[in-house]
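Going line by line, the protein sequences match chains P and V. Numbering follows UniProt numbering, in which position 127 of the first sequence is assigned residue number 127; successive positions increment by one, without gaps. Numbering follows UniProt numbering, in which position 158 of the second sequence is assigned residue number 158; successive positions increment by one, without gaps.
Heads up, some of the hints might be wrong.
[Claimed, not checked] Under the rule of at most 16 Å between Cα atoms (straight-line distance), these lysine to aspartate or glutamate pairs were calculated in the EDC-like manner:
no.: 1; chain 1: V; residue 1: Lys246; chain 2: P; residue 2: Glu92
no.: 2; chain 1: P; residue 1: Lys70; chain 2: P; residue 2: Glu7
no.: 3; chain 1: P; residue 1: Lys111; chain 2: P; residue 2: Glu92
no.: 4; chain 1: P; residue 1: Lys225; chain 2: P; residue 2: Glu241
no.: 5; chain 1: V; residue 1: Lys163; chain 2: V; residue 2: Asp199
no.: 6; chain 1: P; residue 1: Lys70; chain 2: P; residue 2: Asp33
no.: 7; chain 1: P; residue 1: Lys70; chain 2: P; residue 2: Glu105
no.: 8; chain 1: V; residue 1: Lys163; chain 2: P; residue 2: Glu92
no.: 9; chain 1: V; residue 1: Lys163; chain 2: P; residue 2: Glu105
[Said to hold, decoys possible] Partner residues are not named here, just some residues of chain V that face chain P (Cβ under 7 Å, in silico):
no.: 10; residue: Thr152
no.: 11; residue: Leu237
no.: 12; residue: Arg240
no.: 13; residue: Val241
no.: 14; residue: Trp245
I should point out that these hints are in silico values taken from the structure, not numbers from a laboratory. We put the beta carbon where it would ideally sit given N, CA and C, even for glycine.
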Amino acid sequence: MTAVSVEGLTKIFNQGRSDEVLALSDVDLTVGDGEFVSLIGPSGCGKSTLLRLIADLIEPTTGSVTVAGKPAAQARRDQEYGIAFQQAGLFEWRTVCRNVELPLELRGVSKAERRSKAEQMLELVGLADFAGHYPGQLSGGMQQRVAIARALAVQPPLLLMDEPFGALDEMTRERLQSELLGICATTGSSVVFVTHSISEAVFLSDRVVVMSARPGRITASIEVKLPSRDEVGRQAPVYFEKITEVRQALRS
Amino acid sequence: MRRVLPPVIFGVMALVLWEVFVTLGRVAPFILPAPSAIGAQILEQRGNIWDAALASGTNALVGLIGGTLLAVLAALAASRSRLLGEVSIPFAAVINALPIIALAPILNNMFESTSSLPRRLVTGIVVFFPVFLNLLRGLREVNPVHQELMRTYAASGWTFAAKVRLPGALPHLFTGLRQASSLAVIAAVVAEYFGGLQDGLGARITSAAAFTAYPRAWAFVAGACLLGLTFYLVTLLLERVAMPWKQRLLS
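Make a model of the complete structure from these sequences and hints.
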């Protein structure tokens, strides 16, 4: 089964008005089970729009989105995916633990069960000691880790991430990239990851999907096979080759 | 200690200056009584001040709670529906523009003279506007990321209101409540100037002034001031209790 299947997807904003924008034009994309796919492209190429269409946060003009074998709207209602944005978007009036519990709470999971699940997720992102803190007491990187723990809380088969590390410094960013890969290896989640960092896309992904703007469409799909996804991987020749390949695809 | 000491020293100095000014300047007591004279009256009348403050305080509290409950419900409804929101703001502005001075005598005549209801209604009306407007503003300011997240959780409108809108609007609610708490006491006291049941601070102040017992009138004014301060401080305390995440940020 495929995690995500997008067919003939077109999105027009403000259709029929003078400020009509063709955001995506005839996009096809398939994400396999357990596959890590990055969407990369210049700003305005529709990569975030594509992610929001998969998440059923907006509706396509034409075409279809299937997530975990279901129509996107059904998949959203069944919480088949977890999502994280560039802003952590934590609820500042809830403690770290209760933030992670929220998606479980809305699913009607019992108190004891969601507490243990949340603690498990916080363990996974290395924040078990901060369960009782409020988000305002955490650094930006820690907040983003909480947001990832929250996205993972319902143990969704699919993770959707919209530049989740975009607002972080380089050091924190690289550490979280490694953590994310570790988490995905543990949970077996598929990931759709929007970024505008070439090195981030190449390091994380099994496949980098390159998009271009006006109208937004997919121009290349580049398979990446690094020997390992760690410091050694970051220095492997194939890593640099792939970076060059993605850069050229973005230029053309 | 450092935060408490300067205002205390300033207050004591102001009282001493006041006393010296009144005694040396031979100011007539109907213009300005000396603080010592007012202090003596406070001591002498403490039972009466307490009873009157209790009566006015009860009225203010009932009005404050009633007006706040109505304002919260109205703001919740107005934030859920665009039409209601657009219609309700001018209506709230009209209620706010109602001078309580004009309203109090009418309300006092509408009910029996033994009823506390008119004063409580006046207080409730005065409280409504700041709470409604501040809370509505807070309810409308929802972080777009929170909105999208709740959509991905397939949360219903009321779940969204209870889990995100309302807690997110708490700081705004308390901004409104802080204004309303002092206003409630003022309204409860002033409403008595226009008839109705005469058992609160307002009635005591007018009757003392009518008997030219100015130090006594001032003693009740001091009581009203303390009552207003109490309401304000309790609101501040509630705010701290209701929003522990803000408190931890500060300390």
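Hints versus structure:
1. V:Lys246 to P:Glu92: 9 Å, holds
2. P:Lys70 to P:Glu7: 13 Å, holds
3. P:Lys111 to P:Glu92: Distance ~20 Å between Lys111 (chain P) and Glu92 (chain P) Cα, so the pair is violated.
4. P:Lys225 to P:Glu241: 11 Å, holds
5. V:Lys163 to V:Asp199: 43 Å, violated
6. P:Lys70 to P:Asp33: At roughly 14 Å apart (the allowed maximum being 16 Å), Asp33 (chain P) and Lys70 (chain P) satisfy the hint.
7. P:Lys70 to P:Glu105: The hint is violated at about 23 Å.
8. V:Lys163 to P:Glu92: Roughly 12 Å separates the two Cα atoms, so the pair holds.
9. V:Lys163 to P:Glu105: 11 Å, holds
10. Thr152: 5 Å, holds
11. Leu237: 18 Å, violated
12. Arg240: Violated, about 14 Å.
13. Val241: 13 Å, violated
14. Trp245: 4 Å, holds
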